[in-house]
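Residue strings, one per chain:
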Amino acid sequence: MAQRSNTSRRKRRPDTNPRKKRRIVYKFKEDEIVDYKDIALLRKFMSDRGKIRSRRVTGLTPRRQREIAIAIKNAREMALLPYTAQRRS
Amino acid sequence: MRSYELMVIHRYDMAEPDVRAAVEEVEKAITDRDGVVKDTDFWGKRRFAYDIEHMTEGYYSVIIFDGDVELQNVLDRSLALLDSVVRHKIIRKDA
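Chains as they are written, first to last, in the working numbering: chain A, 1 to 89; chain B, 90 to 184.
One thing to keep in mind: the hints can contain errors.
Derived BS3-like pairs (lysine-lysine); straight-line CA-CA distance at most 27 Å [what the hints assert, rightly or not]:
| no. | chain 1 | residue 1 | chain 2 | residue 2 |
| --- | --- | --- | --- | --- |
| 1 | A | K73 | B | K178 |
| 2 | A | K27 | B | K117 |
| 3 | A | K37 | B | K127 |
| 4 | A | K37 | B | K117 |
| 5 | A | K51 | B | K117 |
| 6 | B | K127 | A | K51 |
Simulated from the structure, these hints should not be mistaken for lab results. Note that the structure is a prediction, hence the values are computed from the model and not measured.
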């Protein structure tokens with residue numbers, strides 16, 4: 001998708017390609033507080049294996065990414081979310 | 090006074106009335122030390138996302154309360170010593 005003519009040898013930086021849609025869109029309200037108990041929301045920012053999705057993928061602001069990451073870690077401690085996904089069947 | 094949220098997980102092999110009593114005991118411990126219990130939410134039995142000490146489920150309850158730092162310290166310490174409590178977490182709601 002969206003091949004650029006690569007005459008230059010520079011490595012293409014995927015996160016700067018505006019044509020590529022990769023963002024998991026979730027709009028936070030201004031005064032919204034990220035709650036570690038809101039598992040359905042936090043799951044949106046995790047991979048199937050249970051890893052926290054990177055900022056590049058989520059497209060969150062630094063503040064929100066930080067809040068989400070902390071919330072996921074808190075939820076993990078209370079066994080609400082997995083550290084790793086269980087073995088695949 | 091600060092606003093806190095406490096989550097406690099009790100052992101799965103307890104009877105539900107016992108767990109409710111245990112939660113009430115925690116509430117009492119809060120009020121005894123000049124804390125104010127704002128809200129208590131008993132979730133009931135819930136499956137863990139992963140095994141904890143060979144257990145796969147536990148009783149979750151959430152208590153929102155106001156109290157001093159001292160109260161939070163006491164709660165944290167005494168809950169850690171209780172065998173009926175698998176895990177607990179105290180989060181500051183403000184700040």
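Query raised in the report: Holds or violated: are the alpha carbons of K51(A) and K117(B) at most 27 Å from each other?
Result: Not OK: K51(A) and K117(B) at ~39 Å, beyond 27 Å, violated.
Report task. For the pair supplied as a hint, K37(A) and K117(B), confirm whether the alpha-carbon distance does not exceed 27 Å. Result -> 24 Å, holds
Requested in this report: Could you grab the alpha-carbon distance between K127(B) and K51(A) and see if it respects the 27 Å cut-off?
Outcome: 34 Å, violated
Query - Hint consistency between K73(A) and K178(B) [alpha-carbon to alpha-carbon, up to 27 Å] - result: 12 Å, holds
Requested in this report: Assess, step by step, whether the Cα of K27(A) is no farther than 27 Å from the Cα of K117(B), and give holds or violated.
Outcome: 40 Å, violated
Report task. Starting from K37(A), check that the Cα of K127(B) is at most 27 Å away, please. Result -> 18 Å, holds
In summary, the structure is inconsistent with hints 2, 5, 6 from the numbered list given earlier, while agreeing with the others.
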